[in-house]
Amino acid sequence: MLISLGVLLFVNPAATLDEMIGASAGALELCIELCAVYAVWLGLLEIVDASGLGQKLARLLRPVIKKLFRVDNQEIQKMIALNMSANMLGLGNAATPMGIKAMRAMDDGSGKANFSMIMLIVINATSIQLLPSTVISLRSNAGSADAADIILPTLLSTIVTVSVGITLVLICDKIHKKIKARRRP
Amino acid sequence: MSIYILPILFIALFLYGFFKNINTYDTFVKGAKGAISLVVSIFPFIACIMIAVALLRVSGVTAFLAQALSPVFTFLGIPPELCELVLLRPFTGSGSFALLDDVLATYGADSYISRCACVILGCSETIFYVATVYFSQTKVKKLYYAIPCALIASIVGSIVACLLCRVM
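Here the protein sequences line up with chains A and B, keeping their order. Take any residue in the first sequence, note its place counting from 1, add 407, and you have its number in this note's numbering. For the second sequence, position 102 matches number 93 in this note's numbering, and the numbering has no gaps at all.
Heads up, a few of these hints could be off.
[Unchecked claim] Computed footprint of chain B on chain A, listed as stretches where at least three residues anywhere in the stretch have a Cβ under 8 Å from a Cβ of chain B:
#, segment
1, 421 to 427
2, 466 to 475
3, 558 to 568
[Unchecked claim] Each computed DSS-like pair below joins lysine-lysine, with the alpha-carbon atoms no more than 27 Å apart:
#, chain 1, residue 1, chain 2, residue 2
4, B, Lys133, A, Lys463
5, A, Lys473, B, Lys24
6, B, Lys133, A, Lys474
7, B, Lys130, A, Lys581
8, A, Lys585, B, Lys133
9, A, Lys585, A, Lys474
10, B, Lys130, A, Lys474
11, A, Lys474, A, Lys519
12, B, Lys11, A, Lys584
13, A, Lys585, A, Lys463
14, A, Lys474, A, Lys587
15, B, Lys11, B, Lys21
16, A, Lys519, A, Lys587
17, A, Lys581, B, Lys133
18, B, Lys130, A, Lys587
19, A, Lys519, A, Lys584
20, A, Lys584, A, Lys473
21, A, Lys519, A, Lys581
22, A, Lys584, A, Lys463
23, A, Lys519, A, Lys463
24, B, Lys11, B, Lys24
25, B, Lys21, A, Lys584
26, A, Lys474, B, Lys132
27, A, Lys463, B, Lys24
28, B, Lys133, A, Lys473
29, B, Lys21, A, Lys463
30, A, Lys584, B, Lys132
31, B, Lys133, A, Lys587
32, B, Lys132, A, Lys585
The hints are simulated quantities; they were obtained by calculation from the structure and are not laboratory data. Every value quoted in this text rests on a predicted model; they were computed, and no experiment measured them. A virtual CB, placed ideally from N, CA and C, is assigned to each residue, including glycine.
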């Protein structure tokens, strides 16, 4: 941000404020849109939660979540289960509120990210998408003959992305623990 | 086919709630109420990251970086035309979709470059955006290796994406 501000000082000082306010307005617009989306999903999720479906889903995914995220708290496991399911369905915006809740619950107040938090971030930041719907619709709008033929390569490369992400987190965690152990013998 | 999945899931959910003796209306309202406070609390973070991205773009820093890095991208097998897209993708979802639209219009929707762009967008996420929003409600200041891991993973994913586009 500082670098680009510095560059702008020489290139186009007049546009700086306009551009910043424009971007902020864009953020506001996005937030209003998100608010609408979250209202729908949080409402539905509350029903999922109250009806006990959330618990069932969590029980189903518990072995994976326990191994991958190393959390034992059932409440957190449930939120992660919902977050992952939404991600798999390609509903990134539905996954976000659950993810935020899980992060808040996992925070130990030490100001440092722990293993489970990092794992959740990396998995969300490399999310598995079964159906890249926005990309497909953009592509068919641009006049593609077969807009959906990118589904398979997308699926394969997204699997690569997620598995590389998980592996890297596991490796980094080991290194991190070693460094910590060496510091405090 | 896929357009039916969500409506059917929703109907199933409401029916399930009904059989479990839940007041679906009250429950829905209770959940939906949380949306406003959630959005209010993440707005400043979204605003900040979008301002930063806008400044990066309008100042020409990204274009400069894209040019400087294009040999690296060629080496990795990613078409250099997609440099800016790959660089901006971790920061902004809407911005990268706008760029994808440009690419589709410039090179044609069925060209190799466009297909690469589509797959790269499909297999990656807005890493910095996700990290900012997810961490915004916690006290965490030290992220350790979270961002580097995600970044490396998506670069590997992008390389694989371009390879796959060549053969598929």
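Out of the numbered hints, which ones does the structure contradict? 2, 4, 5, 12, 13, 22, 23 and 25
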